[in-house]
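J.: Each chain, written out:
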Amino acid sequence: MGFNLLPKEYEFFDMFDKLAVECIAASKQFSANVDSESFNAESLQKIKDIEHAADSITFEIFEKLNKTFITPLDREDIFSLAHEFDSIIDLILKISNMMKIYNIDKVNKTFIDVVKLIDDSIFSLSEAVKGLRNLKDSKDIMKHCVEVNHLESLGDQLRNEAIAELFTYHDAIYIMKWKDIFQTSEKILDQCDDVAKIIGSLIVKQA
Amino acid sequence: MGFNLLPKEYEFFDMFDKLAVECIAASKQFSANVDSESFNAESLQKIKDIEHAADSITFEIFEKLNKTFITPLDREDIFSLAHEFDSIIDLILKISNMMKIYNIDKVNKTFIDVVKLIDDSIFSLSEAVKGLRNLKDSKDIMKHCVEVNHLESLGDQLRNEAIAELFTYHDAIYIMKWKDIFQTSEKILDQCDDVAKIIGSLIVKQA
Amino acid sequence: MGFNLLPKEYEFFDMFDKLAVECIAASKQFSANVDSESFNAESLQKIKDIEHAADSITFEIFEKLNKTFITPLDREDIFSLAHEFDSIIDLILKISNMMKIYNIDKVNKTFIDVVKLIDDSIFSLSEAVKGLRNLKDSKDIMKHCVEVNHLESLGDQLRNEAIAELFTYHDAIYIMKWKDIFQTSEKILDQCDDVAKIIGSLIVKQA
Numbered sequence: 284m285g286f287n288l289l290p291k292e293y294e295f296f297d298m299f300d301k302l303a304v305e306c307i308a309a310s311k312q313f314s315a316n317v318d319s320e321s322f323n324a325e326s327l328q329k330i331k332d333i334e335h336a337a338d339s340i341t342f343e344i345f346e347k348l349n350k351t352f353i354t355p356l357d358r359e360d361i362f363s364l365a366h367e368f369d370s371i372i373d374l375i376l377k378i379s380n381m382m383k384i385y386n387i388d389k390v391n392k393t394f395i396d397v398v399k400l401i402d403d404s405i406f407s408l409s410e411a412v413k414g415l416r417n418l419k420d421s422k423d424i425m426k427h428c429v430e431v432n433h434l435e436s437l438g439d440q441l442r443n444e445a446i447a448e449l450f451t452y453h454d455a456i457y458i459m460k461w462k463d464i465f466q467t468s469e470k471i472l473d474q475c476d477d478v479a480k481i482i483g484s485l486i487v488k489q490a
Numbered sequence: 284m285g286f287n288l289l290p291k292e293y294e295f296f297d298m299f300d301k302l303a304v305e306c307i308a309a310s311k312q313f314s315a316n317v318d319s320e321s322f323n324a325e326s327l328q329k330i331k332d333i334e335h336a337a338d339s340i341t342f343e344i345f346e347k348l349n350k351t352f353i354t355p356l357d358r359e360d361i362f363s364l365a366h367e368f369d370s371i372i373d374l375i376l377k378i379s380n381m382m383k384i385y386n387i388d389k390v391n392k393t394f395i396d397v398v399k400l401i402d403d404s405i406f407s408l409s410e411a412v413k414g415l416r417n418l419k420d421s422k423d424i425m426k427h428c429v430e431v432n433h434l435e436s437l438g439d440q441l442r443n444e445a446i447a448e449l450f451t452y453h454d455a456i457y458i459m460k461w462k463d464i465f466q467t468s469e470k471i472l473d474q475c476d477d478v479a480k481i482i483g484s485l486i487v488k489q490a
Numbered sequence: 284m285g286f287n288l289l290p291k292e293y294e295f296f297d298m299f300d301k302l303a304v305e306c307i308a309a310s311k312q313f314s315a316n317v318d319s320e321s322f323n324a325e326s327l328q329k330i331k332d333i334e335h336a337a338d339s340i341t342f343e344i345f346e347k348l349n350k351t352f353i354t355p356l357d358r359e360d361i362f363s364l365a366h367e368f369d370s371i372i373d374l375i376l377k378i379s380n381m382m383k384i385y386n387i388d389k390v391n392k393t394f395i396d397v398v399k400l401i402d403d404s405i406f407s408l409s410e411a412v413k414g415l416r417n418l419k420d421s422k423d424i425m426k427h428c429v430e431v432n433h434l435e436s437l438g439d440q441l442r443n444e445a446i447a448e449l450f451t452y453h454d455a456i457y458i459m460k461w462k463d464i465f466q467t468s469e470k471i472l473d474q475c476d477d478v479a480k481i482i483g484s485l486i487v488k489q490a
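Residue numbers (this note's numbering), protein chains in the order written: chain A, 284 to 490; chain B, 284 to 490; chain C, 284 to 490.
Misleading hints may appear alongside valid ones.
Which copy is meant is left open, because identical chains are indistinguishable; a pair holds if it fits in one copy or across any two.
To be verified - Computed list of lysine-lysine pairs in DSSO-like fashion (alpha-carbon distance at most 30 Å, straight line): (1) K350 with K422; (2) K426 with K350; (3) K422 with K331; (4) K377 with K329; (5) K426 with K389; (6) K331 with K392; (7) K301 with K377; (8) K392 with K488; (9) K422 with K462; (10) K350 with K331; (11) K392 with K419; (12) K301 with K392; (13) K389 with K419; (14) K392 with K413.
Think of the hints as simulated: they come from the structure by calculation, not from any bench.
Between the sequences and the hints, there should be enough to build the whole structure, so can you do that?
T.: Right, here's the structure in full:
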């Protein structure tokens, strides 16, 4: 008979890592769809599957929260971190849906750069999440959180330029579609930043 | 002389029930306006009156919170539950306003189905609110919260289909109006889901 | 050698006052840009500088929070108040950016009235913030918070009228631009109201 020296509560961190893995998968799949300009039912389904897997992990976190007496972080923080993290993937599904609904067949060039920023932001966030296991060692976590914030600013600049350019065309429906898509991409970078801010506030709390 | 055995603090639950009653009234009135395609000052006033009544109840909850020492739920949770619940009615007023501002005289067919989902979601939420009195018996409350979440997903599907169809027309102003209306209907279902999530988190806390 | 009888923690209130000063500056600068109908890189830079200064103050608040053991308000409340207050200035920058991106050269008349409401709301908020030093004396703070809420309602009315009028034109791109601008102005008044609500909830907590 063996011992499990690792307290069970630490499984929360593993579950957050799993959520981060799904988040990276969603971002990679979205990038691939953008690269191949394929926004059909099939390419959308791949993102739906990832979103579904992430929902299951989030639900597991809530279930575990229900059954765990001593938690490694405040219950409410675990709840909101899981919820907000999951929302990133919801937004990636939302933007993917939008590309299909708007029947996009040719991708705006600046958008490809924005998708790269999203990918980078999610990578930094997944690194920050790994740091939750040791909040006292906050320097490295903070570095990643600051990077997420920086990428959000870069995204703002790119989007502003892209939208200003859109309005030089005179096709209202084209403007409407791409304005929506760029604004949703902004929400993804903002949501990443929100998660980074939650992690930042956890560091404040533990200080 | 009689006794009042029920602790005064439990009046919070009665006040939440009253808020739920106003929420149902707002939804029913909105459905009636949609059915009769009447989005004039008069039909709008009926919803404004309900929103006003709900505001008064929310204010009473805040006032009571100010005066009550021991509360049946955490003060902050009562505050945010009342605030977020009230926001559902604010959004129903917002969408009603929008129909008037946009001078709608003929209702998009899919929108009628979305209005039905809103009505169902608010009914489930009002049932969940009744359960606040006994959070330990969480099974039934959770059933209603899950239903609210399910209706929100259905609403997403309907809205996606409706907006994809809108873009097959070539009237930019028509698209703009109905896209806004469908997106606001999405916010109502999302807001219902947010309230359901708060109730869910109360169950987690009490577990 | 002198004594500093004022506890260091009270510096948080000074920092919130500084944030309020930047917020007023941003609003004044935006009003000036609107009055002179100048939405170029130069006029935008002035608002960017203010937003940058506000970010530094917010960052200082977070840093101080990290180093302070006993805080005059709950740590999380200081965190969220600073963050939400800072967001008002972010939104003023956002709307300023928008006027530049949309290449606005002539200001919609109703918009001038909305800008006045924003200015008044931020003034009331800065008065409410001064009251944080003495939350027990809540009457005066509440008066300012109620005023912020009142101005937000007035803004809603103005915006509704303005957007209804927009749709009487038949230029989809013009409608799109000004609808966005009016909706962003709504977000500013809403954000002011959100900060007022946080202050309101602090009063509830301290009661």
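J.: When no copy is specified for K392 and K419, does a C-alpha distance of 30 Å or less occur within a copy, between copies, both, or neither?
T.: Close neither inside one copy (42 Å) nor across copies (54 Å); limit 30 Å.
J.: Taking 30 Å as the upper bound on the Cα-Cα distance, should K422 and K331 be classified as within, between, both, or neither?
T.: Between copies only: 28 Å across, 35 Å inside.
J.: First find the shortest C-alpha distance between K392 and K413 inside one copy, then the shortest across copies, and answer within, between, both or neither for a cut-off of 30 Å.
T.: neither (33 Å within a copy, 48 Å between copies)
J.: Within a copy, between copies, both or neither: which one fits K426 and K389 at a CA-CA cutoff of 30 Å?
T.: neither (36 Å within a copy, 44 Å between copies)
J.: For K350 and K422, with the copy left unspecified, which applies at a CA distance of at most 30 Å: within, between, both, or neither?
T.: Answer is between; shortest inter-copy Cα gap is 15 Å, intra-copy 32 Å.
J.: Quick one: K389 to K419, C-alpha cut-off 30 Å, is that within a copy, between copies, both, or neither?
T.: neither (47 Å within a copy, 54 Å between copies)
J.: Cα distance capped at 30 Å. Does K331 pair with K392 within a copy, between copies, both, or neither?
T.: Answer is both; intra-copy 25 Å and inter-copy 27 Å each pass.
J.: When Cα atoms must be at most 30 Å apart, do K392 and K488 count as within-copy, between-copy, both, or neither?
T.: neither (42 Å within a copy, 48 Å between copies)
J.: At most 30 Å between C-alpha atoms: does K422 with K462 qualify within a copy, between copies, both, or neither?
T.: neither (37 Å within a copy, 43 Å between copies)
J.: Given a CA cutoff of 30 Å, do K301 and K392 count as a within-copy pair, a between-copy pair, both, or neither?
T.: neither (32 Å within a copy, 42 Å between copies)
J.: Up to 30 Å between alpha-carbons, please classify K426 paired with K350: within, between, both or neither.
T.: Answer is between: at 18 Å across copies they meet the 30 Å cutoff, but 33 Å inside does not.
J.: Reference check for the pair K350 and K331, CA-CA at most 30 Å: within, between, both, or neither?
T.: within (29 Å within a copy, 44 Å between copies)
Hints 5, 8, 9, 11, 12, 13 and 14 from the earlier list are contradicted by this structure; the remaining hints agree with it.
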